[in-house]
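Enquirer: Sequence:
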Amino acid sequence: MMRVPNISIYGNTKHNLGGLTSDLQDANEVMATQKRINSISDDPIGLSQVLDLKISIGNLDQIEKNVNMGISWLKGTENALDSVNNLILDAKTQTTRLVNASMSAKERRDAIGTITGIIDQVITLGNTQINGNYIFSGTDSDISPFEYHGDENPPKVSYYGNNTAFEIKTDKEVTVPVGRDGKATFWEAEVDINSTNNTIIFKEDNGHGSASQMILEATIEHGKYNTTQIEQAVKNALNDVSSNSGYGVTYEVDYDESSKQFSIREDGSFQGFIRTEFMWDTGADAYLTKIAASPSIQPEDINIRVDNKDVLTIDTPKPHGTEPFRLTWQGDNTWAVDNNPGYLIIPATISGSNDTIGIDLDESGVADITISLDTPVTTRGQFIEFEIVSAQGDHSVGHEIGFNGDNSIYAPPTSDTNAVFVTDLIISAGVNDTIDFVEVDSSGAATGLLSATIPNTTYTDMDSLSAAIEAGMEAASLATGNTINYAVSYDVEESKFNIRQDGSSLNELRILWNNSPAASATASTLGYYPLEDTITYPSSDRETQLNITLDSTNNRLAFEETNGGGPSGILWATVAEGTYTSMSGLETALKTAMETASAASGYSEIYDVSYDDVSHEFSIQRSVAGAITGLDLLWSTANGAGNSIGNTLGFDPVNDTGGGIGTAYTSDNDMVLMTFDDTNNVIDFEETRIDGTISDQIGITIPEGDYTDLDDVAAQIQIALRADSPNNVRYEVLYDYTVGEFMIKGSDADIKGFSLLWQTGDTREQSAANMLGFYGNDIVGFSESDEAVVNITIDASNYKIDFREIPKGSDGKTVDELTGLIDQRTYTSHSQLALEVEKALEEESYQNGNRIDYSVTWDSYTKKFTIKENGSELAQLDLLWETGENAPLSAGGTGESIGGMLGFDTEDDVAVPVESDREVEWGIFNTLIDLNHYLADNDTYGIERTLGRLEANFGSMTSEIVDIGIKYNRLEIRDKITTENSLSLTERRSTIEDADIIEAIMDLKAIETAYQASLSSSAKIMNLSLVDYL
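Residue numbers (the numbering used here): 45 to 1074.
Be aware that one or more of the hints could be misleading.
What the hints assert, rightly or not - With a straight-line Cα cutoff of 30 Å, these simulated BS3-like cross-link-like pairs (lysine-lysine) come out:
1) Lys247 - Lys136
2) Lys268 - Lys247
3) Lys227 - Lys304
4) Lys247 - Lys852
5) Lys136 - Lys304
6) Lys227 - Lys109
7) Lys109 - Lys213
To be verified - If you anchor each label on the Cβ, the simulated ranges turn out as follows:
8) Ser395 - His977: 41 to 47 Å
9) Gly449 - Asp839: 42 to 48 Å
10) Asp300 - Gly944: 34 to 40 Å
11) Glu587 - Ala643: 27 to 33 Å
12) Thr400 - Asp839: 21 to 27 Å
13) Asp134 - Thr294: 45 to 51 Å
14) Glu748 - Thr707: 33 to 39 Å
15) Asp485 - Lys353: 58 to 64 Å
16) Glu995 - Thr263: 16 to 22 Å
17) Asp134 - Val410: 42 to 48 Å
18) Glu587 - Asp505: 46 to 52 Å
19) Arg774 - Thr294: 54 to 60 Å
20) Asp354 - Thr723: 24 to 30 Å
Derived by calculation from the structure, the hints in this document are not laboratory data. Beta carbons: idealized from backbone N, C-alpha and C, even for Gly.
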């Protein structure tokens, strides 16, 4: 048997005891920690699972903290917004009370403090904090988000937070916003358009007077609009109404995100000038529209001013055009009123002149509407009409798009004064220096052909040219011995020449522009057509030698004839009744009556009856070939019968006997040819001054009485005309016995014509027209250019136009100045020059600018140029009349600008769109701030508009609260799920990591027992081995 060495026994024993000791230590550790796994060697896989579970549980714990914090924030936010909504309801209650018509302006002003208090409370709620964090600041939760600037004009609320909502993490990849972006919460992305804020009242005006002004109303459909949508809606509304009822202007409406402003402009496609006034401030007022007139009244001549809009309370019927308010000229200083919709106008005709009307709609004694006419009406029946639109209230959308102030006006750059018509005229020998004319003097004698020669030179002063023409014509007249004085003038406003006699000695002046090539060329230079211009004066339209009416009281002549058989007895000649204006007619009628009576008696005598213009006597005698031996005119017999013609013919009521045979009976007195009284002695007339203005109507009276000499009638008319002439015209009035006509002449250096208003004068019922043989009105105009004279020389001294283009999106960056060069030549029409200016702008823009299309137009009525972009590429167009390189020398430039020629002052013109007065924002702060403004102005329409706004604000806040509630519910669910998940993971971790205590005790006991046993046996073995060793 082999012996085992003691050292081996000892080693094995020691090893076994070491293992049991380690097991005992592990068992004790399990009991001490109550953990099954205390080191990686205990259970590597299990330990890995435990660590993962620890991380998951930790995450869930953090999420639970986040959720609890989020719930706290949401509760605070909800409470704050609930309070804001309560304040909105308070404001709505106040507004409902304040909009009532029974409230006074003072009561409304007193409520401003209450509304300001609500603003302050909303600000306080907007600055709510949770655990020291501002819940409406976005992620900048350490910054107070809202500040009210009540002292600014207008007041405003600033937001200092950011636009990112504070979020919490509710899962590994999931976040929930629990804070709020204060901007998105207290301001709104949409505006509610309804009947209180859906209109735009605007006026389009082409500059041609009151009748050319179109007041239009654009309407936007009800609904909610964001900035892009309202931009398009406003554009469509403006363009639709302009197309259907206005001038067809196309508008551009833009919203700038950076400036938060809207802008409106015309897109440049309208040909010519148009001025658009957006009536943000006055659109709620009453106004007149669709001003029109009878065809004989030029729309440009009508000027209407509303002096008291408050009385315009009754509309004319709609649709407009069916029954417009109409004023019709009656010719007697009155205008008849038609289609009165219900105003208190008494009587139905109102007083007024032929160029001015004052309409008192409420019988207050003061005109509420004043109408003036540049050219007076002349014909009865001419009318002016218009529609009345009463105050409709302020329902403007302007308040929603930032136009809260005065009216805005958009107009392209336009000449400040009338443009230059003539820079120079060249008169050349034998080419255009001849005026051929003929003078007809007061006797009717005409001169031969006269030729006036204009000195040959270049005229830069048209007054000098006028003087040269005048001198030339007077020299030609002097050579004939007529020595006529002439007046030639140039109208700088109309660019026309006027040629007339300075006096009234000529009966007729003929200017023969078509007599020769030189005369025709002169006509063209001076603006005349190559035709004959004849200046004549009014003369009676019918023969007017007398004006005598015969009737049964004065149309009989008693006479007796004697022949070889004795006297005939009394014969009665009855002259046909009627009004006689021709002496030959009266002579023939009396002759016929006497011969008829003679024939009836069987004598059949022939008589001579005549009137002598020189002696003014009427004569009656037997014809030379007569057979009777005696003729007695029995004036006393007829006079006794009460129907004698004797007095009318100038015979006394004493019988004429013993004559009539060979020697005529002649009247004892001058025959009365005309009798004037207050029913037939007025001549209405007016004069046109050389500047084109028409004088007030003047009525002269012919002295009442009997006239036996028509020269006396003419003299009295002449005296009255000269005495009352507003321009001191030396009228001449002549009577021509040969043709039996009156002629009224009047010419002077200070007038360009006059009018005799026989039929339309203010006192036409007392007109002398019938007595003097005139029918319709007579209008006298002297020789005036048929068209404006245009001769503009563009040369090196005036051919440049400086301008600057600022494209959209340039953000104010410096833009180079551009200079257009106009073709240097002489222009004979403004339209031609406009086209060349347009070309110069476009060429320079193409070469050095932004390739902009331009429109340059000429308006012959306003006599002005308009320069604008034909499109909408530019944010701004500057015409640099003052600051450009080529501005006038007085402004520091080279002096080569064309601006002055085009009628532009030395001041830059800037073409920009109309822009919002303030930033466009919608929300509770804006609503309340605007409400204070409305209260201060006692603006009931604005207060009414606020009700709708507050409703929208309440709805917006309610949406925010609903959103908060949804998030709150989500977090509560998240909290529950997190708690459950955490518990589940904890249990699982415990299952893996925690020890079974009973099992651990039993294991420890077993290990201890084994250890004790092993220790005991090992001791025995070790003792034996030691003895053996010893």
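Enquirer: Run every hint past the structure and note whether it holds.
Expert: A quick look at each hint next to the structure:
At roughly 35 Å between alpha-carbon atoms, Lys247 and Lys136 are farther apart than 30 Å, so this suggested pair is violated. Restraint check for Lys268 and Lys247: the C-alpha separation of about 27 Å stays at or below 30 Å, so the hint holds. Restraint check for Lys227 and Lys304: the C-alpha separation of about 14 Å stays at or below 30 Å, so the hint holds. For the suggested pair Lys247 and Lys852, the alpha carbons sit about 27 Å apart, so the restraint of at most 30 Å is met.
Our distance criterion of 30 Å between C-alpha atoms is met by Lys136 and Lys304, whose separation comes to about 27 Å. Under the criterion of a C-alpha separation no larger than 30 Å, the hint pairing Lys227 with Lys109 is consistent with the structure, at around 28 Å. Only pairs whose Cα atoms come within 30 Å are accepted, and Lys109 paired with Lys213 is accepted, the gap being roughly 10 Å. Taking the beta carbon of each, Ser395 and His977 are about 45 Å apart, inside 41 to 47 Å as hinted.
The supplied range of 42 to 48 Å is met by Gly449 and Asp839, whose beta-carbon atoms lie about 46 Å from each other. Taking the beta carbon of each, Asp300 and Gly944 are about 36 Å apart, inside 34 to 40 Å as hinted. The hint said 27 to 33 Å for the Cβ distance between Glu587 and Ala643, and at roughly 29 Å that hint holds. Roughly 47 Å separates the CB atoms of Thr400 and Asp839, a value that falls outside the hinted 21 to 27 Å.
The beta-carbon spacing between Asp134 and Thr294, approximately 46 Å, falls within the hinted interval of 45 to 51 Å. Look at Glu748 against Thr707: about 37 Å separates their beta carbons, and that is inside 33 to 39 Å. In this structure, Asp485 and Lys353 meet the distance hint of 58 to 64 Å, their C-beta atoms being roughly 60 Å apart. At roughly 21 Å, the beta carbons of Glu995 and Thr263 sit within the given window of 16 to 22 Å.
A beta carbon spacing of about 46 Å between Asp134 and Val410 agrees with the range 42 to 48 Å that was offered as a hint. Between Glu587 and Asp505 the beta carbon distance is about 49 Å. The supplied range of 46 to 52 Å therefore holds. For the pair Arg774 and Thr294, the beta carbons lie near 58 Å from each other, so the given range of 54 to 60 Å is met. Between Asp354 and Thr723 the CB atoms are about 45 Å apart, so this pair departs from the stated range of 24 to 30 Å.
When the structure is compared with the earlier hints, violations turn up for hints 1, 12, 20 and for no others.
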